[in-house]
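Q: The listed protein sequences correspond, in order, to chains A and B.
Residue numbers for the first sequence follow this note's numbering, beginning at 1 and rising by one.
Residue numbers for the second sequence follow this note's numbering, beginning at 1 and rising by one.
Warning: the hint list may mix true and false statements.
[As the list claims (entries may be wrong)] Capping the alpha-carbon separation at 35 Å, the derived lysine-lysine pairs in DSBU-like fashion look like this: (1) Lys282/A to Lys189/A; (2) Lys189/A to Lys37/B; (3) Lys282/A to Lys37/B; (4) Lys83/A to Lys67/A; (5) Lys191/A to Lys165/A; (6) Lys117/A to Lys83/A.
Derived from the structure by calculation, the hints contain no laboratory data.
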Amino acid sequence: MIIRVRFGVVFLILFSLIIINCRAEDHKVQEESNYHNEAQQHEEFKPGKFIFDHISDSHEWHILTWKGHHVSVPLPVILYSKKTGLSVFLSSKLVHGHHYKNFQYGEGEYDGEIIEKNEKGEITVPIDFSITKNVFAIFVSLALMLFLFFSVSKSYKRAPCEAPKGLQNFLEPVILFIRDDVAIPSIGKKKHERFMPFLLTLFFFILINNLFGLIPIIPGGANVTGNIAVTMALALFTFFIQVLSGNKHFWKHIFNAPGVPWWLKIPIPLIPLIEFVGILIKPFVLMVRLFANISAGHIITLGFFGLIFIFGQIHITAGYGISVLSVAFSIFMTCLELLVAFIQAYVFTLLSAIYFGMAVEEAH
Amino acid sequence: MSNLLTVLLEVSLELGPIAAAFGAAFAVLGAAIGIGKIGATALESIARQPEAAGDIRSSMIVVAALIEGVAFLAVVICLLIVVL
Chain A
1 MIIRVRFGVV FLILFSLIII NCRAEDHKVQ EESNYHNEAQ QHEEFKPGKF IFDHISDSHE
61 WHILTWKGHH VSVPLPVILY SKKTGLSVFL SSKLVHGHHY KNFQYGEGEY DGEIIEKNEK
121 GEITVPIDFS ITKNVFAIFV SLALMLFLFF SVSKSYKRAP CEAPKGLQNF LEPVILFIRD
181 DVAIPSIGKK KHERFMPFLL TLFFFILINN LFGLIPIIPG GANVTGNIAV TMALALFTFF
241 IQVLSGNKHF WKHIFNAPGV PWWLKIPIPL IPLIEFVGIL IKPFVLMVRL FANISAGHII
301 TLGFFGLIFI FGQIHITAGY GISVLSVAFS IFMTCLELLV AFIQAYVFTL LSAIYFGMAV
361 EEAH
Chain B
1 MSNLLTVLLE VSLELGPIAA AFGAAFAVLG AAIGIGKIGA TALESIARQP EAAGDIRSSM
61 IVVAALIEGV AFLAVVICLL IVVL
């Protein structure tokens with residue numbers, strides 16, 4: 001109870017500090033502000049840019065735009081450049097083409113990246129370790145996961161033989177489902193415990209980040225699992241665990257499969273080559289499946305919302321009219337995406353369990 | 001007739017995006033047919049043996065996700081043709 005309260009208080013304080021720190025941009029020059037506002041009023045709505053900005057990562061967390069002022073949470077930018085070493089500063093120093101200590105957003109070839117441009121005009125690209133929107137969202141979901149599982153484990157330790165209640169009651173069927181219906185059928189009763197921590201973490205990480213991606217307001221709304229770098233990291237974990245826990249029978253099946261005629265292995269090892277490429281392709285498909293499912297759902301929902309603005313530019317009443325249809329379709333798409341969130345987390349975990357099972361299978 | 005042909009020649013065809021659109025359409029068509037067949041067989045087997053409905057339902061969802069994975073691979077490649 002005390003730890004639960006403490007976690008809750010810490011979370012709340014952290015959250016409110018962030019909200020207090022988020023500030024509206026103020027333009028230094030009044031004329032510049034007027035010109036900027038006017039330019040924004042006549043700015044055309046570009047649906048491609050709208051969708052792409054919401055799908056991709058960024059160095060600040062944009063919440064809303066109130067009368068031309070952007071309200072966003074600035075996030076720390078951490079850069080390591082070979083010339084000037086480590087630099088840490090808030091991303092609010094880099095908005096609107098301003099530059100800070102030779103760092104600025106690049107254009108053309110370096111569009112979207114932070115580049116370092118010294119007085120002579122030479123451009124180098126520093127290594128970017130920033131806490132971007134996706135990294136911050138991962139931290140938020142990590143905090144939620146730690147809070148959930150530490151409080152559940154504390155309740156189990158305190159009263160191991162009592163009936164579960166509260167949060168315990170909610171998580172126990174899910175955890176037992178992963179153990180009894182995903183891990184044991186795929187890996188076997190004797191060896192599944194080794195892989196349970198990874199499978200549970202994988203399932204809850206993907207599920208919580210998928211669900212947070214559906215919430216439109218901070219701290220949700222960052223497209224974490226729709227970022228191919230994040231899914232690549234998860235698939236690489238599965239790949240390394242499978243390869244590093246493979247036993248002799250696993251490698252024998254790959255490189256010297258029993259029952260395959262000899263002329264497919266010598267002189268050109270066709271079957272071993274195909275099997276080896278198969279080991280690489282399976283995690284790759286895992287990565288693309290999760291990335292494409294989640295990104296496609298977000299793009300479709302954003303497309304329906306963008307429809308309102310496209311019609312609104314033709315005539316404002318057309319925008320109001322189409323908003324009824326758009327909201328109806330968006331609700332339907334969100335329900336579908338909710339289903340996809342659960343299914344994709346389950347399928348990623350199930351396939352990882354099957355690959356681990358193949359790796360530790362005994363001879364039969 | 002030759003005027004019509006001259007006019008048609010001046011119309012610029014961007015074959016890249018057209019090919020990408022056809023590729024994505026065919027990939028999605030294949031996935032839809034495959035998942036439709038799975039759904040049909042699953043319903044038939046549930047009708048034959050209602051006690052196995054739970055097992056059949058989970059297998060159906062897993063196989064549908066695998067097929068969708070391959071279809072999404074094709075769609076992502078077509079998207080890369082258009083964007084890059």
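Q: Taking the hints in turn, state whether each one holds.
A: Comparing the hints with the structure gives:
As the CA atoms of lysine 282/A and lysine 189/A are separated by approximately 24 Å, the hinted pair is consistent with the 35 Å bound. Our distance criterion of 35 Å between C-alpha atoms is met by lysine 189/A and lysine 37/B, whose separation comes to about 34 Å. For the given pair, lysine 282/A sits about 24 Å from lysine 37/B by alpha-carbon distance, which is consistent with the 35 Å threshold. This hinted pair does not check out: lysine 83/A and lysine 67/A have alpha carbons roughly 41 Å apart, beyond 35 Å.
Of the pairs offered as hints, the one joining lysine 191/A and lysine 165/A holds, with about 30 Å between alpha carbons and a cut-off of 35 Å not exceeded. Restraint check: the Cα-Cα separation between lysine 117/A and lysine 83/A comes to about 11 Å, which is no more than 35 Å; the hinted pair holds.
Violation of the numbered hints given earlier is confined to hint 4; every other hint is satisfied by the structure.
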